[in-house]
Each structure stands twice: as C-alpha cells, then as structure tokens.
Amino acid sequence: MGDAEEPRDWKHTLNLPRTDFPMKGNLQALEPRMLARWQEEGTWAALLAGNAGRPRFLFHDGPPYANGHIHAGTALNNVLKDFVVKAQNMSGRLCDFIPGWDCHGLPIERAVEKRLKEEKVDRRTLAREDFLLRCRAYAQEFIDIQRSELRRLGLFADWDTPYTTLAFGYEAQEIRELAAVARHGLLFRKKKAVYWCVTDQTALAEADIEYADHESPSIYVAFRTEAAHGPLGKHERPEALAEAFSFLNGRAVDLAIWTTTPWTLPANLAVAVHPDLDYVFYDLGPRVVVAAKDLLPRLLAEIAPEQLEVRTLKAQGAQVSAAAMVEPSRILGYAAGRDLEGFAYRHPFAPRQGFVVLGEHVTLEQGTGLVHTAPGHGAEDYAVGEAYGLEAYNPVLADGRFDDTVQPPSLQGVRVFDANPAIVQLLLEKGVLLNRAGESVVHSYPHCDRCKNPVIFRATPQWFVSLDRALDGEQGPSLRARALQQVDEAVEWIPDWGKQRIRGMLENRPDWTLSRQRTWGVPIPVALCASCGEGLVSPALMEKVAEAVAQEGAGAWYRLPLAAFLPEPPPCASCGGRRWSKGTDILDVWFDSACSFAVVMEPRYGPGPVDLYLEGSDQHRGWFHSSLLVSVATRDRAPYRRVLTHGFVVDGEGRKMSKSLGNVVAPEKIISQYGAELLRLWVASSDYRDDIRLSDGILKSLAEGYRKIRNTLRYALSNLADFDPARDAVPDAQLLPLDGWAKGRLEELVARVRRAYDAYEFHLVYHAVVDFCGNDLSALYFDISKDRLYTWKTAGLPRRSGQTVLYRVASDLLRLLAPVMSFTAEEAWAFLPAAPTRSVFLAGFPDVQGRMPAELGERFERLFAIRSVVQKQLEVARRDKVIGASLEAQVLLYPAEADREFLGRHLAELPGLFIVSQVQLLDAPSERLQQVPAGSHFETLGVEVRPADGAKCPRCWTYAVEVASGAAVCAKCQAALG
RNA sequence: GGGGACGUCGCUCAAUGGCAGAGCGUGCGCUUGAUAAGCGCAAGACGUUGGUUCGACUCCAACCGUCCCUACCA
Numbered sequence: 001m002g003d004a005e006e007p008r009d010w011k012h013t014l015n016l017p018r019t020d021f022p023m024k025g026n027l028q029a030l031e032p033r034m035l036a037r038w039q040e041e042g043t044w045a046a047l048l049a050g051n052a053g054r055p056r057f058l059f060h061d062g063p064p065y066a067n068g069h070i071h072a073g074t075a076l077n078n079v080l081k082d083f084v085v086k087a088q089n090m091s092g093r094l095c096d097f098i099p100g101w102d103c104h105g106l107p108i109e110r111a112v113e114k115r116l117k118e119e120k121v122d123r124r125t126l127a128r129e130d131f132l133l134r135c136r137a138y139a140q141e142f143i144d145i146q147r148s149e150l151r152r153l154g155l156f157a158d159w160d161t162p163y164t165t166l167a168f169g170y171e172a173q174e175i176r177e178l179a180a181v182a183r184h185g186l187l188f189r190k191k192k193a194v195y196w197c198v199t200d201q202t203a204l205a206e207a208d209i210e211y212a213d214h215e216s217p218s219i220y221v222a223f224r225t226e227a228a229h230g231p232l233g234k235h236e237r238p239e240a241l242a243e244a245f246s247f248l249n250g251r252a253v254d255l256a257i258w259t260t261t262p263w264t265l266p267a268n269l270a271v272a273v274h275p276d277l278d279y280v281f282y283d284l285g286p287r288v289v290v291a292a293k294d295l296l297p298r299l300l301a302e303i304a305p306e307q308l309e310v311r312t313l314k315a316q317g318a319q320v321s322a323a324a325m326v327e328p329s330r331i332l333g334y335a336a337g338r339d340l341e342g343f344a345y346r347h348p349f350a351p352r353q354g355f356v357v358l359g360e361h362v363t364l365e366q367g368t369g370l371v372h373t374a375p376g377h378g379a380e381d382y383a384v385g386e387a388y389g390l391e392a393y394n395p396v397l398a399d400g401r402f403d404d405t406v407q408p409p410s411l412q413g414v415r416v417f418d419a420n421p422a423i424v425q426l427l428l429e430k431g432v433l434l435n436r437a438g439e440s441v442v443h444s445y446p447h448c449d450r451c452k453n454p455v456i457f458r459a460t461p462q463w464f465v466s467l468d469r470a471l472d473g474e475q476g477p478s479l480r481a482r483a484l485q486q487v488d489e490a491v492e493w494i495p496d497w498g499k500q501r502i503r504g505m506l507e508n509r510p511d512w513t514l515s516r517q518r519t520w521g522v523p524i525p526v527a528l529c530a531s532c533g534e535g536l537v538s539p540a541l542m543e544k545v546a547e548a549v550a551q552e553g554a555g556a557w558y559r560l561p562l563a564a565f566l567p568e569p570p571p572c573a574s575c576g577g578r579r580w581s582k583g584t585d586i587l588d589v590w591f592d593s594a595c596s597f598a599v600v601m602e603p604r605y606g607p608g609p610v611d612l613y614l615e616g617s618d619q620h621r622g623w624f625h626s627s628l629l630v631s632v633a634t635r636d637r638a639p640y641r642r643v644l645t646h647g648f649v650v651d652g653e654g655r656k657m658s659k660s661l662g663n664v665v666a667p668e669k670i671i672s673q674y675g676a677e678l679l680r681l682w683v684a685s686s687d688y689r690d691d692i693r694l695s696d697g698i699l700k701s702l703a704e705g706y707r708k709i710r711n712t713l714r715y716a717l718s719n720l721a722d723f724d725p726a727r728d729a730v731p732d733a734q735l736l737p738l739d740g741w742a743k744g745r746l747e748e749l750v751a752r753v754r755r756a757y758d759a760y761e762f763h764l765v766y767h768a769v770v771d772f773c774g775n776d777l778s779a780l781y782f783d784i785s786k787d788r789l790y791t792w793k794t795a796g797l798p799r800r801s802g803q804t805v806l807y808r809v810a811s812d813l814l815r816l817l818a819p820v821m822s823f824t825a826e827e828a829w830a831f832l833p834a835a836p837t838r839s840v841f842l843a844g845f846p847d848v849q850g851r852m853p854a855e856l857g858e859r860f861e862r863l864f865a866i867r868s869v870v871q872k873q874l875e876v877a878r879r880d881k882v883i884g885a886s887l888e889a890q891v892l893l894y895p896a897e898a899d900r901e902f903l904g905r906h907l908a909e910l911p912g913l914f915i916v917s918q919v920q921l922l923d924a925p926s927e928r929l930q931q932v933p934a935g936s937h938f939e940t941l942g943v944e945v946r947p948a949d950g951a952k953c954p955r956c957w958t959y960a961v962e963v964a965s966g967a968a969v970c971a972k973c974q975a976a977l978g
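Just so we're aligned: 460 in this note's numbering is position 460 of the first sequence, and the numbers increase by one with no gaps anywhere.
In case anyone wonders, no lab produced these hints; they're calculated from the structure.
Every value quoted in this text rests on a predicted model; they were computed, and no experiment measured them.
Heads up, the beta-carbon is just placed ideally off N, CA and C, and yes, glycines get one too.
Every clue listed holds true.
Using C-beta positions, here's what the derived DEER-type ranges look like:
#, residue 1, residue 2, range
1, P275, E507, 14 to 22 angstroms
2, L364, S246, 22 to 30 angstroms
3, G476, P603, 28 to 36 angstroms
4, G185, P607, 15 to 23 angstroms
5, P607, G654, 40 to 48 angstroms
6, E507, S246, 37 to 45 angstroms
7, R338, Y445, 27 to 35 angstroms
8, N453, Q425, 18 to 26 angstroms
9, E492, P603, 20 to 28 angstroms
10, P539, D758, 40 to 48 angstroms
11, G796, K669, 45 to 53 angstroms
No farther apart than 20 angstroms at their CA atoms in a straight line, the calculated lysine-lysine pairs in the PhoX-like style are these:
#, residue 1, residue 2
12, K786, K708
13, K24, K700
14, K117, K452
15, K669, K659
16, K700, K669
Kindly produce the complete structure, drawing on both the sequences and the hints.
Below, the structure written as structure tokens:
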C-alpha cells in the first residue's frame with residue numbers, strides 16, 4: 001500500500017456525517033407505525049399528565065355531523081385544532097381535546113330512509129322505536145368511520161371517550177337546558193308557514209325540497225278599495241283611497257294583484273307594496289286600477305292590450321319595437337308606495353277586509369308591484385304579516401283540503417290544487433278577474449324530494465325561542481340585546497371581522513324556530529291540550545323527562561305515559577280542558593350542538609366560558625351563534641372567551657370545490673400519495689384566515705419544503721453521531737463567533753415561533769422555520785461549517801463548539817416543529833443523542849434563553865454581505881472556466897477605506913467563510929481589475945478571483961502550497977491529525 | 001338582491017405612509033465527503049380606476065374577480 005494518492009486512506013481520518021435517520025420520509029410507512037407507537041406508549045395521556053397542576057387552557061371541540069367521510073375542510077379544521085392543543089400543552093398549559101359528534105337530524109334520517117328503501121322496508125310499517133334504533137346505529141357507524149379518518153391525521157385527542165349528542169346523558173342535559181330557557185319565559189308557540197307535502201302529510205325542511213318546472217295559472221285580480229271599518233289598527237286608515245287622493249274625483253279604485261296560486265286567495269289578508277316604489281292610478285274605463293308605475297305597460301299588455309300600440313322605430317339601421325300607451329291621459333295620478341299603507345280593500349269573495357302593507361321584498365321583476373299576501377301560505381308573507389300583527393291564517397288541512405273555515409263554503413273539502421279552476425271561476429263571476437281565464441305560466445316550483453309532488457306553504461304551530469322578549473317577563477334587555485352585548489364586550493374574535501359578522505346576523509335574525517316535525521332527535525317535552533291544542537310548557541315536566549331520558553334515552557318520552565311526567569295535570573289555560581297529550585315535535589339539531597358547552601365542558605371544568613372555539617367561518621350562523629344564544633339565555637354570558645375562524649378550502653384557482661367541477665381533493669388521496677404529514681404542512685403553510693387553496697401543484701411544492709426541513713434536520717443529526725452533550729458541550733462563552741451567531745439566530749427563531757404559536761399564526765411558524773433552514777442553516781452555517789466539522793480535530797474545541805450549537809439547533813427545531821410536523825419530529829427525536837425525553841412532545845417548547853449579541857449580529861451581517869459580493873465574482877470566474885469548485889479559487893480583495901480595517905481583523909476567517917482556499921487583502925486593484933465595467937460591485941469592494949496557489953490537499957481538498965512542494969497533506973490537516 | 005371577507009412574482013407567505021423580501025417552481029452553472037442530497041447566479045409581483053398626501057402596495061371610494069352566510073320571491 002502506502003499510496004498517498006489513494007483517497008480512501010484520508011477519508012477514514014475524517015468525521016463525515018453519519019446517521020440512521022433516513023433521507024426519505026417514506027411517510028406512508030412511517031405514519032401508521034408512529035400512530036401505533038403513540039397509542040402503545042400513551043403519549044397523549046403522558047402529555048396531559050406532565051401538565052397536571054399547570055394552568056388550564058379550555059378548548060372546546062365543535063361536533064362535526066356524523067354522516068359521510070371527512071373532506072379537506074374537516075381535515076383543515078381538525079389539524080388546526082391539533083396545532084392549538086399540542087402547542088398549548090408544549091407551552092406548559094394543560095389543554096384537553098374531547099372530540100364530539102353531532103348525531104341527530106334530518107340528513108341521517110333521510111340516509112336511513114334510503115337504506116330502508118334499498119331493503120324494501122316501508123318506513124310506515126316500522127315502529128318509531130325501531131326507526132330510532134336504526135338512526136342511532138347509523139350515526140354510530142359514521143362516528144367510527146370519521147374517528148379513524150381523523151386519527152389517521154395524527155391528532156392527539158380523547159378518541160376513546162368522545163362526546164356524542166345521542167348519548168343519553170347528552171339528551172337529558174339538553175332537555176334541562178330547554179327547561180332553563182323555558183323558565184326564563186323565552187319558549188313559546190305560534191303559527192308559522194312551513195313547507196308542507198300534502199301527499200306525505202308532513203312538514204318539510206329545505207333539504208327535502210327540490211325545484212322543478214310546474215305549470216300554474218296566471219291571474220290578475222282587482223281588489224276593490226273601501227273605507228276601513230271595524231277596529232282600527234295603528235296602520236289602518238279610516239278613509240278610502242278614493243277619498244284620500246283628490247285627482248280621483250271620488251272614483252272607486254282597485255288594487256291590481258297577480259298570483260300563480262289562486263288557492264291561496266281564500267287566506268289573503270293583505271296586499272304588500274314597496275315603500276319606495278312609485279305607483280300609478282290608471283283609468284281602464286270601467287275601473288281605476290293601481291299598479292307599480294314601471295310595470296304598467298306589462299300589466300296593460302296582459303289585461304288591456306288595445307290600450308297599447310306597438311311602434312317600430314328605425315335606429316342606426318336596426319328595427320326597434322316599443323310599446324306605448326295609446327291614451328296617456330288615462331293616468332290619473334301617482335303615489336309613493338309608503339303613501340298607500342293602511343288603506344282597506346274588500347276581499348274578492350270572503351266577507352272581510354284586507355289592508356295595504358309595506359314590504360321590502362316587493363320587486364318589479366314580475367306582477368304588478370302589489371303582492372297578494374297570505375301570511376299562512378308564504379315565508380315572506382308570514383314575515384310581513386307578523387310585522388303588522390296579522391294572523392297566520394291557514395284554512396288548509398294536513399291532507400291539502402280546505403277546512404270548514406274557508407270562504408266561500410263551497411270550497412270546503414276541496415283539494416287546494418283542484419280548487420284553482422273553481423276560484424278562477426269565482427273571480428270571473430264576481431267580475432274581478434282582470435285577464436282572461438286559462439292563462440298560465442311555467443316556472444320553477446318547490447317539489448317534495450320524496451314523492452315528487454308539488455308542495456305548499458302551510459302555517460302550522462311551531463315552538464320558538466324569543467329574541468325580543470325581556471327575560472323572566474321583566475322589563476329589561478332581550479336575549480338579542482344581551483347576546484349582542486356579550487359579542488361586543490366579552491369575546492375576542494379572531495380575525496376581528498368575526499364580530500361584525502355575527503353582529504349582523506344577531507341583529508336581523510327572527511325568533512329561533514326550535515321545533516321540527518321529524519323523528520330522529522331530542523323531543524320537545526310539552527303537553528298539548530286534547531281539545532284546543534294549546535301547549536303546556538312546564539319546566540318541572542321537562543326535568544322529570546330529563547331524568548327518564550338520562551336512564552333510557554330520548555325514547556322514554558314516547559314509551560312512558562304522560563302521567564309519568566305530569567302527575568297532576570292543570571286545566572288548560574285556554575279552554576279549561578283537562579285532557580293532555582304528548583307533543584311529538586323534536587328539537588332543531590342546532591339546539592343539540594348549542595348545548596355542548598353545558599353538557600361537555602361545565603361538568604368537567606366548572607361554570608365559566610371556555611378559552612377557545614375554533615371552526616369555519618360558516619359557523620357564525622351555526623354553532624358560534626346557537627351556542628351563544630343558549631348560553632346567554634340560560635347563564636347570561638357567552639360560552640367562550642375567544643372565537644377563532646378559518647376560511648374554506650378552494651381549488652388551485654380559488655374556486656370552490658365541487659363534485660361537478662371535479663376539483664375536489666380528498667384527504668384520503670393526499671394521505672396515500674404524500675402522507676398525512678403533508679396535509680398538516682399544507683394547513684400550516686397557509687394563512688387560514690382567508691380561503692385556502694389546495695391543489696396537486698401546491699402539495700408538490702410543499703413536498704419540497706418538507707424535504708428541505710427534513711434534510712436540514714438530518715444534516716444536524718448526522719454531525720452529532722460522536723457528540724455527547726453532557727461530555728462535549730462547550731460553554732457559551734467559548735463558542736466560536738460563527739457558532740455564537742448561529743445560536744443567536746436560533747434564539748430569534750425560537751422567539752418568533754413561540755410568538756406565532758401564541759397568536760395562532762401557524763403559517764408564520766412554517767415559513768419562519770423554512771426560511772431559517774434554507775437561509776441561515778443550509779446556505780450559510782452548514783455550508784461554512786462543513787470543513788471544520790469534517791476535517792478538524794475530532795475533539796478539539798472548534799469542532800465541539802459547532803456540535804454544541806448543532807445540538808441546540810436540532811433539539812429546538814424538533815420541539816418547535818412537533819405540533820405541526822408531528823410524525824417527522826417524533827421520528828427524528830429518536831435519533832437525537834441523549835434525548836431528554838422519550839417523546840418530543842414531552843420535552844415541551846424551548847424557552848428563549850438569550851439574545852443575539854448586537855456586535856455579533858452586525859459583524860456577520862456585514863461579513864455575509866461581503867460574501868455575497870464575492871460569490872457573484874466566483875460565479876463570473878466559473879463562467880470563464882477559471883475555477884470549478886470554489887476551493888479552486890483564491891480571492892483578492894481591494895476594500896474601500898471603510899472596510900479595510902474590518903476585513904483585516906477577520907482575514908483569517910475569510911477563506912472558510914467564502915469556502916475558498918486563499919484570501920488576500922490588497923491596496924490597489926490590479927490593472928486588469930481596473931478595466932472592469934462600471935455598475936459592478938467594485939465601486940465599494942474590488943474582488944478578483946484567481947486560481948488558488950499550490951495543489952489540492954487530498955484530505956481536505958483545500959489548495960495549499962505545501963502540498964505542491966511535496967507534503968502529503970496541508971498544514972491544517974497535519975495539525976488535525978497530530 | 002342583502003351582509004361579511006379576500007385580491008403582493010407561476011405557487012405559498014413576509015415587510016413598510018418613503019429603495020417591495022423569503023421559500024418553492026423556472027432558467028443557467030458548480031459540486032459529487034448532506035448525493036434520489038448540497039451550493040451559486042439570474043429572470044419574475046403590489047387586480048383595475050379614481051381620490052387623500054410632498055409621497056400609497058400600505059388610507060378612502062368605485063369597479064372587477066373569488067369565497068362564506070342569507071334571500072331566491074307573489
């Protein structure tokens with residue numbers, strides 16, 4: 001042997017990087033293994049146990065609906081929650097995560113019905129109890145599915161003991177909350193128009209409705225105005241229109257209305273006009289009609305086409321047709337909508353009067369600008385009727401036939417859709433039909449999703465929570481006012497526009513409709529008078545029901561006789577009757593989840609608001625809103641101190657994800673292709689306060705970011721193979737300046753990242769770490785330190801100084817990353833020499849231990865700026881084929897006066913800093929250099945690159961003259977080996 | 001239609017009432033002792049139009065685009 005040219009000989013004398021931490025993540029294999037390890041070692045429980053006795057951070061999980069699989073939005077929400085929970089615990093605050101599921105409600109009911117249909121079972125033959133059991137089983141099935149999907153993401157939570165709204169204890173407490181609402185006098189019953197299917201004889205929810213084209217009669221009807229008689233409401237005017245407007249000269253006036261549902265005319269109680277629209281009085285000849293000014297031509301086209309003529313004009317070569325009134329003098333006068341308010345008219349065929357009311361919903365798109373209003377048959381009609389104190393009169397029975405209150409009596413028992421021709425005939429006979437009988441329109445109309453028949457609007461009695469009554473029947477602020485006050489004063493909204501958002505909703509929302517004519521849910525335990533239907537609200541009854549429900553579930557309400565809950569029934573307040581039956585309505589599912597703070601958090605942590613709710617921005621209308629109402633109604637305070645909101649997941653172009661667009665990215669696919677870690681990184685990298693984009697391209701670039709972090713960690717670990725912190729660590733005061741600088745940068749990172757965690761700004765965590773890894777470490781510190789770590793004396797101070805800082809870097813980075821890159825941080829922690837804890841999570845976050853000394857920071861900032869100038873010149877030399885590797889270069893510096901002393905002081909460090917073989921400091925640029933064109937860096941610093949002197953040292957690859965003159969290795973290597 | 005939000009290089013994010021930064025990607029090189037790695041150089045952006053101001057990416061208004069909630073109507 002003895003061949004000095006044999007490179008392997010010297011390689012063995014180097015301390016090259018060495019680690020078993022793999023370069024490739026292989027996350028698909030790593031993640032399941034890590035999940036199993038966490039479960040086996042009870043890492044989550046240990047994390048909580050480690051914080052026992054520390055201050056609590058109360059986080060409350062909002063329950064997702066137990067139907068379907070998780071989607072990207074669910075993943076986003078839950079990963080954010082996991083960041084919060086892990087970061088809180090690693091900051092030394094005890095923070096539990098009790099996951100929950102929302103289990104009742106229509107979507108599950110419908111899914112179960114669908115399954116029954118597939119099994120060819122008729123739901124109507126199924127006992128209520130059996131149906132409920134099937135719903136319960138269905139919800140349980142999807143809880144299990146979603147739970148395993150969420151676990152797979154690496155979330156730490158009490159997965160074995162989640163809360164579910166179908167738990168008996170939950171149902172029972174929910175009924176107690178309802179009792180508390182009732183006790184404050186906020187629960188009441190009134191009629192409200194709801195979708196109703198006359199075939200299935202049931203109320204329908206929005207989700208039960210599908211729109212389809214439907215042909216309806218199109219009729220214009222004249223309502224004759226007259227002086228109001230009977231008791232005068234505050235909006236009613238005692239005189240008739242004809243008397244109020246002098247230009248009418250006393251002629252009778254008809255309100256012209258348009259409708260496509262003649263069968264609702266028997267329930268007509270009002271005509272709505274828009275306060276800000278202009279109305280016109282038009283003389284048809286036999287009668288004067290009122291209509292919106294802008295709709296008059298269209299009205300005339302329908303009812304008196306002879307009073308229009310079509311003129312054809314030629315304009316710029318094109319023919320334009322326009323309809324014009326034949327006799328404009330037939331317009332008698334105008335009035336603003338608001339001036340029509342309160343005038344009375346005679347119902348066309350029922351013995352009563354109606355009134356003109358104002359409604360913002362009136363538009364000029366169709367009809368006459370005067371809207372036939374039947375509060376019992378339409379949502380907007382109902383709303384406007386409510387404002388005027390009109391009854392939601394509904395003469396239609398559940399089977400769609402008119403009842404015995406309908407006028408005229410000839411309609412009694414007739415099905416509503418069959419009644420249309422009869423009513424048109426009636427109008428014709430009365431001489432109030434303005435257009436021809438038999439006209440019709442085809443329009444989009446709601447149909448029952450189940451039986452495909454057209455549905456109707458029908459007012460039925462419903463239960464409400466009042467937003468505007470004073471609590472406890474006293475004077476004082478309403479639920480709405482109290483809730484608004486809490487929003488303003490007691491809650492921090494992040495981002496702050498959340499406050500404005502929920503305020504707007506609270507200010508405008510109507511009373512909360514609590515009841516649903518459905519099966520799968522928590523019953524509203526009230527008694528109904530058998531003779532008059534009056535409801536009996538009894539908190540005492542509710543408490544009794546709650547006791548039974550706690551034992552045997554919500555079905556107890558149906559199984560046990562009413563007497564079990566109401567041993568001494570009082571007489572009916574309305575009719576004095578003594579026979580009561582059980583109400584069959586169930587609670588809106590939003591009431592279920594609204595009670596979660598009371599069911600889940602209070603019993604565990606005592607009363608008082610929790611620290612954080614964290615959900616998507618749609619929950620301003622949903623859970624944030626409903627929880628607030630229940631908590632304010634029952635406890636007079638908000639259930640939370642802080643509400644954090646995130647946006648929605650959209651595709652790479654910012655469009656919403658939908659099956660029809662085919663741009664949906666499923667979490668499952670991300671996991672199988674990249675791993676859950678990348679999904680977590682995606683959440684961390686994005687500013688979630690806006691909508692956040694998800695696409696394959698985004699994931700690909702995140703994979704690059706992941707690689708960068710992983711390799712940085714790997715490099716640090718690989719240079720610690722022979723390092724024992726207890727034995728080898730160098731005290732701060734003895735650290736090399738460059739190492740001191742790196743440590744200072746690390747301290748700055750720790751401070752920045754911890755601040756970001758505290759402010760829930762996870763994207764700043766991610767970007768700060770990636771920047772640190774890429775710029776400070778990989779491009780500068782690692783690159784420059786390589787020579788020292790590989791070739792210098794193994795146990796010498798300079799090398800141990802570098803390792804001391806590398807150790808801190810690895811240890812701190814892993815702990816800072818653990819909440820985000822949980823899988824990788826935990827994996828890498830096992831490769832850290834003498835790691836202080838078994839799991840990285842148990843190590844907690846690093847504390848900020850010091851600051852970057854100002855002089856050190858400034859010094860290296862200056863040195864690195866010079867380095868950057870040098871690198872540009874090295875690149876030029878490379879292009880000119882003067883050098884290849886930078887160690888083949890020597891650098892001649894011609895500093896400006898200001899830099900001369902500074903560079904002289906650091907001359908010895910410069911070759912290492914620039915990764916070149918030699919650096920010389922010279923006074924005057926060479927002739928060649930002086931010819932360098934203007935605009936380069938030579939105005940402040942002259943840089944010339946020449947081939948290095950000497951020959952390449954076979955051990956450290958630096959060029960040295962002694963090697964050229966026959967030495968086996970360079971002097972530095974000689975020293976390292978000695 | 002009403003309420004809320006957002007719009008910085010191809011992508012993800014910074015910063016500041018006064019020269020707009022980083023990472024990824026792209027192009028061109030170097031390296032082969034972090035090597036299915038690493039290093040360097042380069043090109044590239046403030047949605048549009050007005051206004052306030054000595055000066056605006058930053059403040060205001062309108063418009064355009066996108067998202068969430070709501071109303072989808074006789």
